Structure formats: structure tokens, C-alpha cells
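Asker: Sequence:
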Amino acid sequence: MTDAELEALVGLIGGARHIVLGTAADPVSRADGERIAAAWGGLVLATVTWPETAASWLRPARRFAAPDPDVWVVSATPAGWAGMARRLRTSTSWRPHRTVGTAALEAFPLPGLRGARPDGSTWEDR
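Quick note: the sequence shown uses the numbering used here, first residue 1, plus one each step.
None of these hints come from the bench; they were simulated from the model. Note that the structure is a prediction, hence the values are computed from the model and not measured. By construction, the Cβ of each residue, glycine as well, lies at the ideal position given by its N, Cα and C atoms. Be careful, since some hints might not be right.
[Said to hold, decoys possible] The calculated label-pair distances, taken between Cβ atoms and stated as ranges, are:
id	residue 1	residue 2	range
1	PRO51	SER93	20 to 26 Å
2	THR53	ALA31	28 to 34 Å
3	GLY120	ALA31	15 to 21 Å
4	ALA54	PRO27	28 to 34 Å
5	GLU124	ALA82	17 to 23 Å
6	ARG117	SER93	25 to 31 Å
7	ARG126	GLY14	17 to 23 Å
8	ALA54	ARG17	26 to 32 Å
9	GLU124	SER56	25 to 31 Å
10	ASP70	THR2	22 to 28 Å
11	GLY42	GLY120	16 to 22 Å
Required output: the full structure, derived from the provided sequences and hints.
Answerer: Structure representation (C-alpha cells):
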């Protein structure tokens, strides 16, 4: 993650009182998640990590959605996010319009999901 992407993500989180941070289990996603939490500096209600492949993703999806934060923040690979997002949509109260993600998720079609690119510009899937 570039510094410009990190700054843009913190801007998208904005004045949230608290967030839930979700990351794929790969080292890059986890490290980027830690950088986001440190740069934002606010209250992180939970940090949830999920595998690239799983039988159902139900447990991490429930842990991710349960705290009902102002903003959900995701740092993941498209492959890891695909299964998690599917489970979130079908089994929890999670909504993508309250979710921001790293540049890797821009190509993942999910209406309402927003994020930042490496150059610091932002995107939103409509």
C-alpha cells in the first residue's frame, strides 16, 4: 500500500467513531491492515482475519459484522474477499455502503463498496 492510498483510506474513514478492520490472512493484507489502524488512530472494535479459502466463512463473517461499526475497513486479496463478501451478504447485517477497501478490491464488483487507489484517488462501485 502506498502512502497516498493510506492517506485516502483514512480520509474515507473520516470522522467515524469506530471501525472494524478485516484482513485476508496473507502477510501483505495483514500488514496493510495494521498500517491503516495505526494511521487512523481511532477505536478499532475488532480485527478479523479470514483465510483465502474456507468451507463457509461463516465464523469470520459473523465476527466482522457483529460489532456494527460506523465503518468496516477491508484489506484483502480479491480471492479472499470473494468468499467473505458472499457470506457477509447472505448471513449478516453487513452492508457494503459502510465499507472501504484497499486498491486490490476495486475490481471486485460490489455496489456501494468504496476504496482508494495507489495514487490516492478514490473509487466507488455503483
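Asker: Now, for every hint given, state plainly whether the structure supports it.
Answerer: Hints versus structure:
{"no.": "1", "hint": "PRO51 / SER93: 20 to 26 Å", "result": "holds (23 Å)"}
{"no.": "2", "hint": "THR53 / ALA31: 28 to 34 Å", "result": "violated (21 Å)"}
{"no.": "3", "hint": "GLY120 / ALA31: 15 to 21 Å", "result": "holds (19 Å)"}
{"no.": "4", "hint": "ALA54 / PRO27: 28 to 34 Å", "result": "violated (18 Å)"}
{"no.": "5", "hint": "GLU124 / ALA82: 17 to 23 Å", "result": "holds (19 Å)"}
{"no.": "6", "hint": "ARG117 / SER93: 25 to 31 Å", "result": "holds (29 Å)"}
{"no.": "7", "hint": "ARG126 / GLY14: 17 to 23 Å", "result": "holds (19 Å)"}
{"no.": "8", "hint": "ALA54 / ARG17: 26 to 32 Å", "result": "holds (30 Å)"}
{"no.": "9", "hint": "GLU124 / SER56: 25 to 31 Å", "result": "holds (29 Å)"}
{"no.": "10", "hint": "ASP70 / THR2: 22 to 28 Å", "result": "holds (25 Å)"}
{"no.": "11", "hint": "GLY42 / GLY120: 16 to 22 Å", "result": "holds (20 Å)"}
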